[in-house]
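2 protein chains.
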Amino acid sequence: MSEIEKKLMSSVDIRARQIAANKLRESFEKIIEAIMKGEEPVLVIPKRTLSNTIYDRERGLLLLGSGTFERSFLDVKEARKFMQTILMARIIYEALVNNEYPTIRDLYYRGKHSIRYRDHRNNIVEENTWDEQKESDAVLRDIEVYVNLLREEMLILSKEKGKVVGDMRIKSGDDIIDLSKMGHGAYAIESTPDLIEFIDVNAEFVLVVEKDAVFQQLHRAGFWKRYKAILVTSAGQPDRATRRFVRRLNEELKLPVYILTDADPYGWYIYSVFRIGSITLSYESERLATPSAKFLGVSMSDIFGDKTTGKKPYLTESERKNFIIKAKKTDIKRAQELLNYEWFKTEKWTREINMFLEKQSKLEIEALTGKGLYFLMDNYIPTKIETKDFIE
Amino acid sequence: MSEIEKKLMSSVDIRARQIAANKLRESFEKIIEAIMKGEEPVLVIPKRTLSNTIYDRERGLLLLGSGTFERSFLDVKEARKFMQTILMARIIYEALVNNEYPTIRDLYYRGKHSIRYRDHRNNIVEENTWDEQKESDAVLRDIEVYVNLLREEMLILSKEKGKVVGDMRIKSGDDIIDLSKMGHGAYAIESTPDLIEFIDVNAEFVLVVEKDAVFQQLHRAGFWKRYKAILVTSAGQPDRATRRFVRRLNEELKLPVYILTDADPYGWYIYSVFRIGSITLSYESERLATPSAKFLGVSMSDIFGDKTTGKKPYLTESERKNFIIKAKKTDIKRAQELLNYEWFKTEKWTREINMFLEKQSKLEIEALTGKGLYFLMDNYIPTKIETKDFIE
Numbered sequence: 001m002s003e004i005e006k007k008l009m010s011s012v013d014i015r016a017r018q019i020a021a022n023k024l025r026e027s028f029e030k031i032i033e034a035i036m037k038g039e040e041p042v043l044v045i046p047k048r049t050l051s052n053t054i055y056d057r058e059r060g061l062l063l064l065g066s067g068t069f070e071r072s073f074l075d076v077k078e079a080r081k082f083m084q085t086i087l088m089a090r091i092i093y094e095a096l097v098n099n100e101y102p103t104i105r106d107l108y109y110r111g112k113h114s115i116r117y118r119d120h121r122n123n124i125v126e127e128n129t130w131d132e133q134k135e136s137d138a139v140l141r142d143i144e145v146y147v148n149l150l151r152e153e154m155l156i157l158s159k160e161k162g163k164v165v166g167d168m169r170i171k172s173g174d175d176i177i178d179l180s181k182m183g184h185g186a187y188a189i190e191s192t193p194d195l196i197e198f199i200d201v202n203a204e205f206v207l208v209v210e211k212d213a214v215f216q217q218l219h220r221a222g223f224w225k226r227y228k229a230i231l232v233t234s235a236g237q238p239d240r241a242t243r244r245f246v247r248r249l250n251e252e253l254k255l256p257v258y259i260l261t262d263a264d265p266y267g268w269y270i271y272s273v274f275r276i277g278s279i280t281l282s283y284e285s286e287r288l289a290t291p292s293a294k295f296l297g298v299s300m301s302d303i304f305g306d307k308t309t310g311k312k313p314y315l316t317e318s319e320r321k322n323f324i325i326k327a328k329k330t331d332i333k334r335a336q337e338l339l340n341y342e343w344f345k346t347e348k349w350t351r352e353i354n355m356f357l358e359k360q361s362k363l364e365i366e367a368l369t370g371k372g373l374y375f376l377m378d379n380y381i382p383t384k385i386e387t388k389d390f391i392e
Numbered sequence: 001m002s003e004i005e006k007k008l009m010s011s012v013d014i015r016a017r018q019i020a021a022n023k024l025r026e027s028f029e030k031i032i033e034a035i036m037k038g039e040e041p042v043l044v045i046p047k048r049t050l051s052n053t054i055y056d057r058e059r060g061l062l063l064l065g066s067g068t069f070e071r072s073f074l075d076v077k078e079a080r081k082f083m084q085t086i087l088m089a090r091i092i093y094e095a096l097v098n099n100e101y102p103t104i105r106d107l108y109y110r111g112k113h114s115i116r117y118r119d120h121r122n123n124i125v126e127e128n129t130w131d132e133q134k135e136s137d138a139v140l141r142d143i144e145v146y147v148n149l150l151r152e153e154m155l156i157l158s159k160e161k162g163k164v165v166g167d168m169r170i171k172s173g174d175d176i177i178d179l180s181k182m183g184h185g186a187y188a189i190e191s192t193p194d195l196i197e198f199i200d201v202n203a204e205f206v207l208v209v210e211k212d213a214v215f216q217q218l219h220r221a222g223f224w225k226r227y228k229a230i231l232v233t234s235a236g237q238p239d240r241a242t243r244r245f246v247r248r249l250n251e252e253l254k255l256p257v258y259i260l261t262d263a264d265p266y267g268w269y270i271y272s273v274f275r276i277g278s279i280t281l282s283y284e285s286e287r288l289a290t291p292s293a294k295f296l297g298v299s300m301s302d303i304f305g306d307k308t309t310g311k312k313p314y315l316t317e318s319e320r321k322n323f324i325i326k327a328k329k330t331d332i333k334r335a336q337e338l339l340n341y342e343w344f345k346t347e348k349w350t351r352e353i354n355m356f357l358e359k360q361s362k363l364e365i366e367a368l369t370g371k372g373l374y375f376l377m378d379n380y381i382p383t384k385i386e387t388k389d390f391i392e
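Chains as they are written, first to last, in full-length UniProt numbering: chain A, 1 to 392; chain B, 1 to 392.
Accuracy of the hints is not assured; some may be wrong.
If chains are identical, the list can't say which one is meant, so a pair holds when it fits in one copy or spans any two.
Listed below are the simulated DSBU-like cross-link pairs for lysine-lysine, each with C-alpha atoms no more than 35 angstroms apart in a straight line [said to hold, decoys possible]:
no., residue 1, residue 2
1, LYS181, LYS171
2, LYS333, LYS77
3, LYS326, LYS77
4, LYS77, LYS328
Worth flagging that the hints you see were computed from the coordinates, not collected in a lab.
Work out the full structure, taking the sequences as your base and the hints as a guide.
Here it is in structure tokens:
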């Protein structure tokens with residue numbers, strides 16, 4: 001590393017890339033050894049298939065099972081994938097030792113080229129390493145499970161929308177940052193939240209708000225000061241870094257996590273991503289998911305009340321008339337799909353989703369701030385938390 | 001204001017809302033006076049039409065002309081709009097004095113209700129104040145030009161994607177924030193950037209990067225330290241706050257602004273929004289646009305070179321083959337539209353757009369980081385700036 005590069009980079013990153021480079025090299029050394037011994041090089045990779053995905057009820061996590069598959073260089077069906085895997089490992093390793101911070105799009109571009117070779121008829125033919133990013137993304141995932149390192153640990157960056165404010169100090173890179181001194185702005189969470197060190201925290205819970213504008217409203221009105229909260233927004237569908245950051249707040253600082261979204265299947269799905277992650281990416285779930293995250297609202301019974309429990313609605317008849325939006329066909333379809341998810345098969349979620357299917361109505365969180373920001377801040381949110389009126 | 005609310009809120013916001021509330025009240029007092037005197041209440045509002053929009057070549061800004069129109073309560077065609085305008089003014093005023101921070105969506109919800117009245121046949125009829133947000137948004141714009149206050153000055157918030165890092169200190173709310181101490185994260189710019197105070201700055205230029213991931217890469221590699229830059233990302237299409245923040249960096253701190261986007265009509269349009277804003281919202285342009293912003297790249301001549309000027313391309317033949325994406329029909333259409341914009345009718349832009357139409361090729365900025373992050377950071381960007389190889 002040049003002296004200039006070293007000076008520009010945080011010491012945290014320098015350490016992280018050494019660890020990742022070593023682990024990556026060790027994992028692939030077996031392949032080199034096999035080749036040197038004249039043996040067939042074979043990668044034994046954990047299966048990322050649905051059949052090898054286990055929902056661990058106890059921990060509330062999706063986990064990869066013990067199933068593996070072999071990717072051999074001398075198998076005609078596997079040779080291309082084998083080449084792609086080794087190519088991707090090389091690109092990542094080079095990026096690590098060259099102090100680069102690639103994105104997955106970069107990795108795709110870096111590997112994209114044509115290989116010229118002579119076929120069995122001695123004709124020169126050309127084949128592309130890969131044509132689309134979904135091919136390079138797939139081998140990146142293989143490497144993540146093979147080496148047992150998430151992409152972030154290999155200093156692969158991605159766009160990041162998550163923001164946070166609250167009474168806590170963190171160390172990121174070589175800086176100590178006071179998240180209670182962000183003015184009207186916020187701290188934009190880094191792509192690699194595992195490299196953040198929690199210094200100290202003075203908070204009782206984490207509130208994750210789906211919508212950035214609502215986050216800003218609550219921040220400006222001093223919600224986190226008043227209720228001793230760490231306030232986070234995912235600004236829509238949460239990205240990996242926001243999920244990992246929230247998980248660490250929960251796991252390491254023992255802070256309960258409440259999720260606040262629109263009352264619609266899209267909002268529930270955001271909750272689901274925080275809580276469990278994606279079925280097809282179960283290997284991430286173990287690190288990124290927050291199984292104890294609670295869905296604070298907005299729930300259907302907040303809108304309509306619930307006769308079976310005697311719960312009164314937060315909206316009056318005329319507010320409902322003005323605020324409610326008719327559900328679309330895609331909403332209904334999405335809701336029906338969610339009913340099949342293991343973690344939505346609880347009594348409360350079934351009631352929630354069925355009430356949605358019956359009423360065919362949804363509500364935006366802005367309908368509550370429309371009723372008044374202080375209604376949301378000083379009535380709705382604290383009441384829901386105090387009375388434990390959330391869904392797990 | 002309750003003592004608790006006051007303690008939770010920044011003193012900057014308390015002052016800002018007093019100023020806005022006074023200005024709003026003064027602007028509408030004439031209406032009350034007219035009514036008290038038994039005169040017809042009439043609002044005289046600057047026209048926001050295209051015909052009243054002037055492109056000021058000297059300042060490079062879109063400005064509203066002197067044209068106005070009257071909105072009278074007693075004109076049957078105008079009565080509904082008059083009611084909506086007064087309703088919106090009331091909602092904004094109440095939000096200001098009640099220490100709220102509404103979004104435009106909130107304003108829509110707050111005003112949405114049915115008015116019951118007796119018609120000339122003495123039948124009771126119902127009419128909605130507004131049915132869709134585009135109606136409430138339109139009267140909000142009328143109020144902005146009527147009162148001569150942008151929505152942000154009335155403490156109306158919106159979602160905000162812009163981030164910044166660099167060697168400068170700002171005051172936001174009651175906090176002083178060191179933008180050079182953000183670790184691997186960044187400072188998320190507030191919705192109301194006019195309330196930010198610049199304390200001190202040690203930088204020579206502003207680099208605005210379209211893509212958040214590229215911003216993070218350059219940040220992590222220490223670009224802003226090495227080249228004394230303020231590094232900003234708009235994370236796609238820039239929102240109002242990012243545009244205003246960049247404009248203030250340019251106007252008040254006299255820092256040149258360079259914009260780095262993909263080489264495609266979408267990227268040029270992002271540049272155009274920073275440089276001039278939207279034709280249909282010309283009244284914002286005077287405050288939000290940065291007329292001297294320079295398009296740093298990626299330009300078509302960076303990809304293909306330019307025989308007329310003897311410029312060599314930054315990509316080799318084989319890189320072009322691997323990195324270039326074929327333009328879509330919508331890209332071509334968009335490029336042709338841009339040729340009609342007054343500020344794209346310069347020699348350099350015409351050449352750029354025509355080269356695109358000829359080659360029918362586009363390029364993502366990731367193709368350059370794919371070539372190497374340090375190529376982008378230490379070769380491409382500094383060379384482009386040093387040799388003044390940008391488009392204005």
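Hint-by-hint comparison with the structure:
1. Proximity of LYS181 and LYS171 under a CA criterion of 35 angstroms is satisfied in both settings, with 14 angstroms inside one chain copy and 10 angstroms between copies.
2. In this assembly of identical chains, LYS333 and LYS77 lie within 35 angstroms of each other by CA distance neither inside one copy nor across copies; the values are 38 angstroms within and 43 angstroms between.
3. Proximity of LYS326 and LYS77 under a CA criterion of 35 angstroms is satisfied inter-copy only: 31 angstroms between copies versus 50 angstroms inside one chain copy.
4. Taking CA atoms no more than 35 angstroms apart as the test, LYS77 paired with LYS328 passes between copies only; the shortest distance there is 34 angstroms, against 44 angstroms inside one copy.
The earlier numbered hint that this structure contradicts is number 2, and it is the only one.
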